[in-house]
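Visitor: Construct all of the structure, not just a fragment, from the sequences and the given hints.
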Amino acid sequence: MLKISANYICSPVTHICHETISSGIFPERLKYSIIKPLYKKGDKTDPSNYRPISLLTSFSKVLEKALYNRLSEYINNNNLLIGQQFGFRKRLATEDAILKLTHEVLNALNNGTKVCGIFCDLEKAFDSVNRY
Numbered sequence: 006m007l008k009i010s011a012n013y014i015c016s017p018v019t020h021i022c023h024e025t026i027s028s029g030i031f032p033e034r035l036k037y038s039i040i041k042p043l044y045k046k047g048d049k050t051d052p053s054n055y056r057p058i059s060l061l062t063s064f065s066k067v068l069e070k071a072l073y074n075r076l077s078e079y080i081n082n083n084n085l086l087i088g089q090q091f092g093f094r095k096r097l098a099t100e101d102a103i104l105k106l107t108h109e110v111l112n113a114l115n116n117g118t119k120v121c122g123i124f125c126d127l128e129k130a131f132d133s134v135n136r137y
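Under the working numbering, read the sequence shown as residues 6 to 137, first letter to last.
Worth flagging that the hints you see were computed from the coordinates, not collected in a lab.
Misleading hints may appear alongside valid ones.
[Claimed, not checked] Okay, derived cross-link-like pairs now, DSSO-like style, lysine-lysine, Cα gap no bigger than 30 Å in a straight line: (1) LYS45 / LYS119; (2) LYS95 / LYS66; (3) LYS105 / LYS119; (4) LYS95 / LYS41; (5) LYS36 / LYS66.
[Said to hold, decoys possible] Label-pair distances were calculated between CB atoms; the ranges are: (6) ASN83 / SER27: 13 to 21 Å; (7) GLY47 / GLN90: 25 to 33 Å; (8) PHE31 / ILE87: 26 to 34 Å; (9) THR50 / PHE91: 33 to 41 Å; (10) GLN90 / PRO57: 21 to 29 Å; (11) LEU114 / SER16: 54 to 62 Å; (12) GLU69 / ASP126: 25 to 33 Å; (13) THR19 / ALA113: 48 to 56 Å; (14) LEU114 / SER28: 50 to 58 Å; (15) CYS125 / CYS15: 19 to 27 Å.
Built from N, CA and C at the ideal position, the CB exists for glycine as well.
Guide: Structure (C-alpha cells):
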C-alpha cells in the first residue's frame, strides 16, 4: 500500500522523518506494535524457549530505516567505530571477523609468537537483559 501511494505521501512522510531526526523524538503513535512469541528451541511448553518479536507498522519501519541510514552515514563519515566492529555494518559480517581472527592467529604462529584466546558463549546473553 505504501509503494502504491508513495507519490502522494512522500512529502508528509519526509517531513515527519526530518522532524523526528531534528527533534530527537519518535512519534508516540508509531511506537505501538504487536508482540508475538517466536519459538527458539527446546521444550515448546517452556516459555523461556520463546523470544518476543515486535511487529511494527509500515510507517514505523520507514522511519526506522531513515533514521538508521542517517545515523549510519554519520557514524561512518566521522569514523566513530573501531575497525574491530563487524556486526551491523555494511560490507562487514561475522565471517569477516572470523577471517581476520584466523589471519592474525596464523601470522602470529608463523612468526613464532604464542597465541592465546578467550571465548565466551553469549547464546542467551540478551535473554538476561532487563528491558524495563
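Visitor: When you take the CB atoms of THR50 and PHE91, is the distance between them in 33 to 41 Å?
Guide: Holds: the Cβ-Cβ distance is about 37 Å, inside 33 to 41 Å.
Visitor: Using the C-beta atoms of CYS125 and CYS15, is the stated range 19 to 27 Å upheld?
Guide: Cβ of CYS125 to Cβ of CYS15: about 46 Å, so the range 19 to 27 Å is violated.
Visitor: Can you tell me whether the CB distance of GLN90 to PRO57 sits inside 21 to 29 Å?
Guide: Between GLN90 and PRO57, where Cβ atoms are some 26 Å apart, the hint holds.
Visitor: Holds or violated: LYS95 with LYS66, Cα cutoff 30 Å?
Guide: Answer holds: LYS95 to LYS66 is near 19 Å, not above 30 Å.
Visitor: Between LEU114 and SER16, does the C-beta distance stay in 54 to 62 Å?
Guide: holds, 59 Å
Visitor: Quick one: are GLU69 and ASP126 within 25 to 33 Å, going by C-beta?
Guide: holds, 30 Å
Visitor: Given the hinted pair LYS105 and LYS119, is their Cα-Cα distance within 30 Å?
Guide: holds, 17 Å
Visitor: Straight-line Cα separation of LYS95 and LYS41 no greater than 30 Å?
Guide: Status holds; Cα separation ~29 Å.
Visitor: Has the hinted range 13 to 21 Å been met by the Cβ atoms of ASN83 and SER27?
Guide: 18 Å Cβ-Cβ, so the 13 to 21 Å window holds.
Visitor: Under the criterion that the straight-line Cα-Cα distance not exceed 30 Å, is the pair LYS45, LYS119 satisfied?
Guide: Violated, at about 39 Å.
Visitor: Does LYS66 lie within 30 Å of LYS36 when you go C-alpha to C-alpha?
Guide: Holds, at about 11 Å.
Visitor: Within 50 to 58 Å or not, the Cβ separation of LEU114 and SER28?
Guide: The hint (50 to 58 Å, Cβ to Cβ) holds, given that LEU114 and SER28 are roughly 53 Å apart.
Checked against the numbered hints given earlier, the structure breaks hints 1 and 15 and satisfies all the rest.
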